[in-house]
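Q: Chains A and B, in that order, give the protein sequences.
The first sequence maps to residues 1 to 468 in this note's numbering.
The second sequence maps to residues 1001 to 1208 in this note's numbering.
Watch out, some of these pointers could steer you wrong.
Subject to a maximum C-alpha distance of 30 Å in a straight line, what follows is the list of computed DSS-like cross-link-like pairs (lysine-lysine) [what the hints assert, rightly or not]:
id, chain 1, residue 1, chain 2, residue 2
1, A, 93, B, 1183
2, A, 166, B, 1031
3, A, 10, B, 1183
4, A, 317, A, 368
5, A, 317, B, 1120
6, A, 52, B, 1031
7, A, 317, A, 421
8, A, 268, B, 1193
9, B, 1167, B, 1188
10, A, 317, B, 1027
11, B, 1186, A, 166
Sample of chain A residues facing chain B (criterion: CB under 7 Å; computed from the structure) [as the list claims (entries may be wrong)]:
id, residue
12, 18
13, 87
14, 153
15, 156
16, 192
17, 199
18, 260
19, 262
20, 264
21, 266
22, 320
23, 387
24, 389
These aren't lab readings, by the way, just hints derived from the structure by calculation.
Ideal placement from N, C-alpha and C gives every residue a C-beta, glycine not left out.
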Amino acid sequence: MAQARTLFDKIWDSHLVDVQEDGTCLLYIDRHMVHEVTSPQAFEGLATSGRKVAHPERTLALADHNVPTTDRSVGITDPESRTQVEALEANVKAFGVPYFGMDDIRQGIVHIVGPEQGFTLPGMTIVCGDSHTATHGAFGSLAFGIGTSEVEHVLATQTLVQAPAKNMLVHVNGALGKGVTAKDLVLHICGVLGTAGGTGYVIEYAGDAVRALSMEGRMTVCNMTIEAGARAGLIAPDQTTFDYLAGRPLAPKGAAWEAAITYWKTLKTDDGAHFDRVIEIDAASIEPTVTWGTSPEDVAPISATVPNPADARDEGKATAMQRSLDYMDLKAGQPLEGVPVDVVFIGSCTNGRIEDLRAAASIAKGRKVADGVQALVVPGSGLVKEQAEAEGLDEIFKAAGFEWREPGCSMCLAMNADKLKPGQRSASTSNRNFEGRQGRGGRTHLVGPEMAAAAAVTGHLTDVRKLT
Amino acid sequence: MEKFTVLTGVAAPLPMINVDTDMIIPKQFLKTIKRTGLGKNLFDEMRYDDTGAEIPGFVLNQAAWRNATILVAGDNFGCGSSREHAPWALLDFGIRCIIAPSFADIFYNNCFKNGILPIKLPQEQVDALMDDAQRGANATVTVDLEKQTIQGPDGGTIAFEVDPFRKHCLLNGLDDIGLTLQKADKIKAFEAKQQREEPWLATPGAMA
Ligand code: SF4
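The following block holds chain B by itself, in its conformation from the complex (with noise of 0.2 Å):
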């Protein structure tokens, strides 16, 4: 996984609510047995027409936020499926970071497990960082994990909460399973207490 440090970028603005998993990758691009290669269906309904043609209108599709790195959005972000394509479809795009007043809870974590940093702020702080959005590439964010910090482009710096042990991963691009191995003992001493108690758990009926 890579770490995430200190990213500056620009942020593109997508105000929508409920925005769920099947407008960030619809279902036809999930047949990948890979994780990569998914940027370009990002957002595939609202940034392309029925002919595959770009729709002008949509934010990724404008010059000022191609190469867009943070995604700022509404209420209640990554609803829907746990489908982990969604983050690896923004995160192959670009995006690092995504701001929003909330988050559905499968997406938020997939987005740890991805090297991509779900800021959750109150609805004011968005809505200003919205608005500092809409500039385009002349108005680059800049996200300081470490510090818990992002600042805008006119300077202000804004405040945010991550969860420890989730920071301390992030930071050191940290594989979870790695991490959780270290404690094969405990996890042994656990299925030894459960044969114990509850043998029927351990051992489901044969299955030919």
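Just chain A, with the same shape it has in the complex (with noise of 0.2 Å):
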């Protein structure tokens, strides 16, 4: 009998175009998918030395980064943001590349678009020039963040130079407690893990309380597993993911589906496969977490105080919280429930789909945003804006006060014109915390959509629970 393998494994070898003496891989790629910020300077790369895209049907261009979220007629006023976009239009003409211009219905942030449009299937390799790209493991495929020599590296040659990755698991038993997201369960793992505590692992995610998550969660994990440092992470697919393709505009039709289905079903971890790691998670322990630092590592549950330097495990870790501490103006044991907020954003690769604004708007419903609080709802992409509006969301939030923007990656980092004012502090459900990640001297908590809205209708921190 064939060794057991992970599914990691069966992706990984079914994408082998040859291994070097050494172990270095190379890696074919199915799907790449590129935006403005990290491609210049690949086709530049390509146009020097007169190659060219080898398959841009493989391909897939968006502007996300630098788009502005508000009325587009007017283009972009920043001229460097400018710049970007019209030099990734400039190059996917010259290269054929197919793109969705700012103003596509399907344009969108690249991790949202990929999936909605059936462009992102189970058993790929998908790679982009950035490291949100571990979203698409929803699906059963290895999807990874690349840098721009590798982005050019796949448009010269469809493949990519690896190193096979380690496998760790992540099981997640029992079920997630009411008003605990997905969003929670990941910055919960996020917390256990570390930052550095995913380097050198493909994360896959099973268990219970990962079955019973729909694809938008099941994206929202995923999403975050490079903020534990692993560079994907993945689940295997079934019901709910075929159930979610089915129909995409890029998803196979018709014999080429059923075929798809029947080899998809394979796609998973036999059973006594090896797992270098192996992290258990009870799910009913975890309660809405939050963000206390300034590394998507410093976790807390909602109902906790923010921990006390004194307490960290080793002194770089204690200065590395002061230091925290100090950027985000807490103090060591003051309660994180009723710290004030300036800014909610909810939006973002991680929670701006649909489902997301659902969840968000069933908490904004007849409540009004709290005064001196500006709230920004940028949904993922052009069609789940349009959806949002077919279900009135919009109107939900537009009578609570909050903004309803054009889509984009926003205030996620501040790229655009959607930025904190040193010293605001936002509660926001992207997925990163760093120093001045949304504008210079802006703190931010993350949080998921629900405990976002919670926060904008109280004016700061809150256990959604309280208000459901």
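Mind docking these for me? Both chains are given alone in their own frames, and the hints should help you get the complex.
A: Written out as structure tokens, the structure reads:
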């Protein structure tokens, strides 16, 4: 009998083009997503060396990081942002790469658009010059972020030089409690693993609590895998996956769909396959979770208090914690619930999908954004926005005093005009709370969409379970 | 890509853990469409105040380390985003070698692709080099990739590990793409096999 293999092993093995003597592999890449920030230098490299894009049809380009989320008819006012988007537009033309432009309803954040279009499918290798490519692993594909030199390599050859990763299993037993979401789960996992805990690994998420998640929830979990240091996270495909993909524009149709499903059903870890590390998590023990510091591992249940650096595991961590608390203007021992916020951001590739907007709207409905709080809702794509409007979610948000914006990355990384001012504090559904991530001097608390909406209507970090 | 053979230079100490890519090069500098010119904004938020004036305490603003070519840092260096602007900024400043107990994966890979040598060493050895680095311009360090050694200012030698293939590419300044294109036949054969076995992969639905 063949050796028992993990899901990662199976995808890896089926994409090997060549294995060098030293074990370095040449891996075939099925899908490549390209955005404006990490691609100009790659196209520049191709042009200088007279190379072509090997497989434009396996490539999809979008502008998302720099696009304005307000009225787009005036174009992009910031000259540098405009230059990057224009460079992408010129490059996709010159190299014949499919592109969803800023006025295309399908435009949005790469990691939202790929799955939404069925560009992302189980069992694939998927890359993008963006660390949150891990999102696509929710479909049981091996998806990871690459640097710009690698973007150029994939464009030119449709392959990538890689060393195999180690296997980690994160097994989440039981069921998530009421008011506890996929975001809380992944924040909790980041806290358990630490930001370097996953380095060198690909993480497979399994267990009842993971099976119970919708595709949106699974994408939220896989999305933040990179925050735990692992390049890719994956979840074996099942009926939930197939139901999500059926009928998507770029998904296979007819006989090809049937053949694909038959194959996709084999995409799971064999019994007895070896994992280099196994983590067990009890879903029922997780509360709605927030970050208190400037690293995604700095998490705590909303009912907890700000931790004390004196209790840190070592001196390096204690120093980092103190620096975080100073930056965040928080005191050890202070309750997290009740910390006042200035800005609420609902969106990003972590939580900018339709289910996230529905969840946030369910809290916003019939309530008002607290005085002095600015609350933004930025759908992850034009199609998410359209769907939300069809369901009347925009009206709920607007009636409650939220701003309803055009799709893009927005305040997740503040490369466009949406930024925190120095000293402002946000509750944000994005994925990174690094210093200055949402604007220089800005302070970020990462939360799920319900918790963000709860913070918006109360004006401070709030246990959403008290509002439902 | 510039070859990396033997590097002798000043090492700058940066005794911080989890130095992330936003610290190395904040996102407002990612808007460039070129690879060069980022060195002046390396570590921008630690290096300059709100008015753009240098913060005198920051290591790279001090006379002894202005021309550092080596960086000695704490655990998990380069965590965060995949931005290759981070190694470009380091390289443009003149840093060709980074020594730390551990690195984030993507950053680590990106270094090799840009002619920068990242070296992982046990904490005690990093601590010793950190002490050496504190001595500034009087204490140069020599990194010899061929021999895989680091020679400290007092003559002590530390050996380091490096993947042989990456070493070969770095020593010869070899471009990955050229190497891969030599395997075009194998790539073609793979595509033919995939076309037979998983035909839906090769042709995503029509993209208008
Ligand atoms: S939403 Fe944020 S994390 Fe996601 S791709 Fe955009 S900038 Fe990156």
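Q: Compare the structure with each hint and give your call.
A: Consistency of the hints with the structure:
1. 93/A to 1183/B: 28 Å, holds
2. 166/A to 1031/B: 34 Å, violated
3. 10/A to 1183/B: 23 Å, holds
4. 317/A to 368/A: 40 Å, violated
5. 317/A to 1120/B: Holds: residue 317/A and residue 1120/B sit about 20 Å apart, inside 30 Å.
6. 52/A to 1031/B: Given pair residue 52/A, residue 1031/B holds - Cα atoms ~24 Å apart, limit 30 Å.
7. 317/A to 421/A: Measuring from Cα to Cα gives roughly 28 Å; hence the hint holds.
8. 268/A to 1193/B: Given pair residue 268/A, residue 1193/B holds - Cα atoms ~22 Å apart, limit 30 Å.
9. 1167/B to 1188/B: Since the Cα atoms of residue 1167/B and residue 1188/B sit roughly 28 Å apart, the hinted pair holds (cutoff 30 Å).
10. 317/A to 1027/B: Roughly 25 Å separates the two Cα atoms, so the pair holds.
11. 1186/B to 166/A: 26 Å, holds
12. 18: Holds. Min distance 5 Å.
13. 87: 5 Å, holds
14. 153: Check passed: Cβ of residue 153/A comes within 5 Å of chain B, closer than 7 Å.
15. 156: 5 Å, holds
16. 192: 16 Å, violated
17. 199: Where the cut-off is 7 Å and the nearest Cβ of chain B is about 6 Å from residue 199/A, the hint holds.
18. 260: 5 Å, holds
19. 262: Violated: closest Cβ of chain B sits about 11 Å from residue 262/A, beyond 7 Å.
20. 264: 10 Å, violated
21. 266: Hint on residue 266/A: violated, closest Cβ of chain B at ~12 Å, above 7 Å.
22. 320: Status holds, d = 6 Å.
23. 387: 20 Å, violated
24. 389: 23 Å, violated
The structure does not agree with the numbered hints 2, 4, 16, 19, 20, 21, 23 and 24 stated previously, though it agrees with the rest.
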